[in-house]
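Could you use the hints to bring the two separately framed chains together as a complex?
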Amino acid sequence: KNQVEQSPQSLIILEGKNCTLQCNYTVSPFSNLRWYKQDTGRGPVSLTIMTFSENTKSNGRYTATLDADTKQSSLHITASQLSDSASYICVVSDDMRFGAGTRLTVKP
Amino acid sequence: DAMVIQNPRYQVTQFGKPVTLSCSQTLNHNVMYWYQQKSSQAPKLLFHYYDKDFNNEADTPDNFQSRRPNTSFCFLDIRSPGLGDAAMYLCATSRDRLAGGDNEQFFGPGTRLTVL
Numbered sequence: 001k002n003q004v005e006q007s008p009q010s011l012i013i014l015e016g017k018n019c020t021l022q023c024n025y026t027v028s029p030f031s032n033l034r035w036y037k038q039d040t041g042r043g044p045v046s047l048t049i050m051t052f053s054e055n056t057k058s059n060g061r062y063t064a065t066l067d068a069d070t071k072q073s074s075l076h077i078t079a080s081q082l083s084d085s086a087s088y089i090c091v092v093s094d095d096m097r098f099g100a101g102t103r104l105t106v107k108p
Numbered sequence: 109d110a111m112v113i114q115n116p117r118y119q120v121t122q123f124g125k126p127v128t129l130s131c132s133q134t135l136n137h138n139v140m141y142w143y144q145q146k147s148s149q150a151p152k153l154l155f156h157y158y159d160k161d162f163n164n165e166a167d168t169p170d171n172f173q174s175r176r177p178n179t180s181f182c183f184l185d186i187r188s189p190g191l192g193d194a195a196m197y198l199c200a201t202s203r204d205r206l207a208g209g210d211n212e213q214f215f216g217p218g219t220r221l222t223v224l
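Protein chains in written order, with the working numbering: chain A, 1 to 108; chain B, 109 to 224.
Please keep in mind that the hints were generated in silico from the structure rather than gathered at the bench. Heads up, a few of these hints could be off.
[Unchecked claim] Okay, derived cross-link-like pairs now, SDA-like style, lysine to any residue, Cα gap no bigger than 25 Å in a straight line:
# : chain 1 : residue 1 : chain 2 : residue 2
1 : B       : Lys146    : A       : Ala86
2 : B       : Lys146    : A       : Leu14
3 : A       : Lys71     : A       : Ser87
[Stated by the list, open to error] If we take Cβ atoms under 7 Å as the criterion, some of the chain B residues that face chain A in the derived model are:
# : residue
4 : Leu153
5 : Leu198
6 : Leu206
[Stated by the list, open to error] Counterexamples of contact, computed for chain A against chain B with all Cβ distances above 12 Å:
#  : residue
7  : Ile13
8  : Cys19
9  : Asp69
10 : Ser85
11 : Ser93
12 : Phe98
13 : Gly101
Since the model is a prediction, treat every value here as computed from it, not as a measurement. Glycine included, every Cβ here is placed at the ideal spot set by N, Cα and C.
Same shape as in the complex, but just chain B (with noise of 0.2 Å):
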């Protein structure tokens, strides 16, 4: 079935220390999203990639950083995770932009995300 992969669904680091979320998608959409998603609240928006064309949320910090070397995969990257950035991280895709039309967004279950 085409879908929305994260890996790994669960993933523990330590404070400071480099870590990396990684989706695939087999939908062979455009748009691929990153958001962060604290206990209770609505996932916010952290970037976008439109096919190699990568879109930053203003308020997103800089010590989150985003690859996508093909059209399947797109990466978080956290370069020195805090405490605060403990969280759901879900990816989700669209074959086009969400605005202007009805192109369905497609969620990846999400990584839930601890930082020690």
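The following block holds chain A by itself, in its conformation from the complex (with noise of 0.2 Å):
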């Protein structure tokens, strides 16, 4: 069965520091794998976007990994701002299917 997992389900850091948030799949084959951020009560935004071949992404603070061959991917959050409190989400989009999320908390 195609699975989408990311760890840990809830994070809380301090404001500044950095982050590392993970998501492994099954889903096979796939295209493109993407990370969203939710904020409470809004629709999910897209962060990045990566193809099977590209390894990374960054999207100023935010910087997406990507290993075909483990089938893992990695959203790393630098210098965190308390507006960075959100649920990061993972979707591997050739099934459409969401990762459950990680809910990650930033305080002052």
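This is the structure we're talking about:
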């Protein structure tokens, strides 16, 4: 069964610190993997889109990596800000299958 | 600004009373999606339209229907809402299919449905 699993489920960090969120998938084949940010009560917003041939993609303080061999992706957030508090969702697009997300809380 | 608009933002209905949620887009995208998102869960795709071509997910209950009268508008009809249908309903669009490319998907703000 095609799955997208994210870890950790939730994470609390202090403002200014870095963090890394993980996404493991078993969807195969796939052509792209996306990371979204979803603020509470809002729709998801696209952060990065990576095709299977890309290893890394950056969007400001967000950097996503992809290892298609091990079927793992990560989202690294640098110098976190309070506004980074949100759920971060990994999506393997061919299956339109969303991970359950990681709930990130950034504290002052 | 080009965007995905959902109305209403909050909808209250009674158990068994039909309800329609609406979505409009100014992006002129070919694909429109409806997702159901329950509290602390990932969005779950219900169905999507590629232009006028309707694609229903296998596990979407028959209680959920959709209409796309033109490129700009898409409706979600819940024929007989149950308590378990209370959720956030998200509409999204993309210029083309998401698979096989880097088409970006744009989400609306969602409609939160309460069933009494």
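Evaluation of the provided hints:
At roughly 16 Å between alpha-carbon atoms, B:Lys146 and A:Ala86 fall within 25 Å of each other, so this suggested pair holds. A hinted pair counts as satisfied when its Cα atoms are at most 25 Å apart, and B:Lys146 with A:Leu14 does not qualify at roughly 28 Å. Between the alpha carbons of A:Lys71 and A:Ser87 the distance comes to roughly 21 Å, so the proposed pair stays at or under 25 Å and holds. The interface hint given for B:Leu153 holds, since its Cβ lies 5 Å from the closest Cβ of chain A, which is under the 7 Å cut-off.
With 7 Å as the threshold, the beta carbon of B:Leu198 comes within range of chain A, its nearest partner Cβ sitting at about 5 Å, so the hint holds. Proximity of B:Leu206 to chain A holds as hinted, the smallest CB-CB distance being about 4 Å (cut-off 7 Å). Distance check for A:Ile13 against chain B: the nearest CB is about 20 Å away, which clears 12 Å, and the non-interface claim stands. At the 12 Å boundary, the C-beta of A:Cys19 stays outside the reach of chain B, the nearest C-beta of that chain being 20 Å off.
No Cβ of chain B comes within 12 Å of the Cβ of A:Asp69; the nearest lies about 20 Å off, and the non-interface call holds. Once the 12 Å rule is applied to beta carbons, A:Ser85 is consistent with being away from chain B; the minimum gap is 15 Å. For A:Ser93, the shortest C-beta to C-beta distance to chain B comes to about 4 Å, within the 12 Å cut-off, and the non-interface label is violated. Distance to chain B contradicts A:Phe98 as a non-interface residue, since its nearest Cβ pair spans about 4 Å, not more than 12 Å.
Its closest Cβ contact with chain B, about 6 Å, brings A:Gly101 to no more than 12 Å, contrary to its assignment away from the interface.
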